[in-house]
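A.B. asks: Here is what each chain is made of, one letter per residue.
Number of protein chains: 2
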Amino acid sequence: MVQKSFTILADGCFPSHEIPLSHLRNAQCVVCCDGAAVKLTEFGREPDYIVGDLDSLSGTFKEKYADRLYPSADQETNDQTKAVQFCKEQGATAITIIGATGLREDHTLGNISLLADYAETFPDIDMMTDYGVFTVMTRSGSLPSYKGQQISIFALDSQAPLSVGNLKYPIPNKPLSSWWQGTLNEALGDSFFLTFDEGRWIVFRCY
Amino acid sequence: MVQKSFTILADGCFPSHEIPLSHLRNAQCVVCCDGAAVKLTEFGREPDYIVGDLDSLSGTFKEKYADRLYPSADQETNDQTKAVQFCKEQGATAITIIGATGLREDHTLGNISLLADYAETFPDIDMMTDYGVFTVMTRSGSLPSYKGQQISIFALDSQAPLSVGNLKYPIPNKPLSSWWQGTLNEALGDSFFLTFDEGRWIVFRCY
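Residue numbers (our numbering), protein chains in the order written: chain L, 1153 to 1359; chain X, 1153 to 1359.
With the rest of the complex left out, here is chain L:
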């Protein structure tokens, strides 16, 4: 199957770290959430698609990019979710979300947790921030790492027990009942693994 890798630029804080910036620069295809399209052009790259209610775009901007506007007025979902839906319709096989954190903390929390919803039908999805990468685990498995890499794990289901392997601080088949409980762990080698029977887990790997 041909890989169709899409990058979504959300309209949170525009990244400043070189890893997400370089990803944006080299992305096959960038789908911008609304006003993020303006930031992308200021960064020096053209948006491939622009989705959202488009309220925050000027008339001139909309005219210039009329061939790539995909307006959606759905009030029930946020622009990040509209963009993911759009990528799916375009046949995306992998999605990276950038710019979804760093402003309102409630948006940040909401956007991060939505990854788990997307992952149900779209396993290959992650989110790059200025500090690291968020990934969702909905079944046991391993993730690549490097020795000393800072790792945090968050439970979306506060009663589901978790075990981890190859991390500095063991989690022995017990639930993470508060968000801080799985934070500030550290990879011991080039991969680590999560084992669980139920639950959804958000894993953050610092760069």
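The set of hints was computed from the structure by calculation and includes no laboratory data. Be aware that a few hints might be false.
[Said to hold, decoys possible] Simulated DEER-style distance windows between Cβ atoms:
1. L:Ser-1315 x X:Gln-1237: 27 to 35 Å
2. L:Ser-1168 x X:Glu-1215: 51 to 59 Å
3. X:Thr-1193 x L:Thr-1273: 47 to 55 Å
[As the list claims (entries may be wrong)] Covered stretches of chain X (in silico footprint by chain L; criterion: 3 or more residues with CB under 8 Å from a CB of chain L, positions within the stretch not fixed):
4. 1266–1280
5. 1293–1300
Virtual Cβ for every residue (Gly too), placed ideally from N, Cα, C.
Following the hints, put chain X in place on chain L, whose structure we already have.
C.D. replies: Only chain X this time, still in chain L's reference frame:
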């Protein structure tokens, strides 16, 4: 009882919004987490106490503020928790935490959720960010608001049912199984309330 209101300045992103800045300016007493003390002096205010492992402070700085250094090398808790513990020992009756969000997202998530742990023994605690205030609810009750105020509610216990009153989008005695599910609500008047039998809830009110 005499009110002893303490403000903790954590070493995340120094605030830029006028509400937390004004709070810092007028605070009775500011407890700085480690390097945050330097930022506070740059802002033009002297720290009252400095707690943490103090590794990030220069020799000159430590000399100048030698009378208010409270070193703690405990590796089991983070500096925010050390500062809360310190405030408690000083007889604080209320605590406001500032500067605990805005950098690494895993720290942000951890710090926010720690509010619920502190609230078990310290009910009058909140966190001011550049966008709003986080408060913990461990029993049913109401919070002040204004009509149109943006409200987000996060469950720390994903299976506990919640009802809300006087918010635009009703929550009818059901769990918030994902962090996004209680976001982007709106106050209908000068207060709103949460009703529940069990669980811990983090409420965010935008300014």
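A.B. asks: Among the hints numbered above, which are violated by the structure, and what are their numbers in rising order?
C.D. replies: When the structure is compared with the hints, numbers 2, 5 turn out to be violated.
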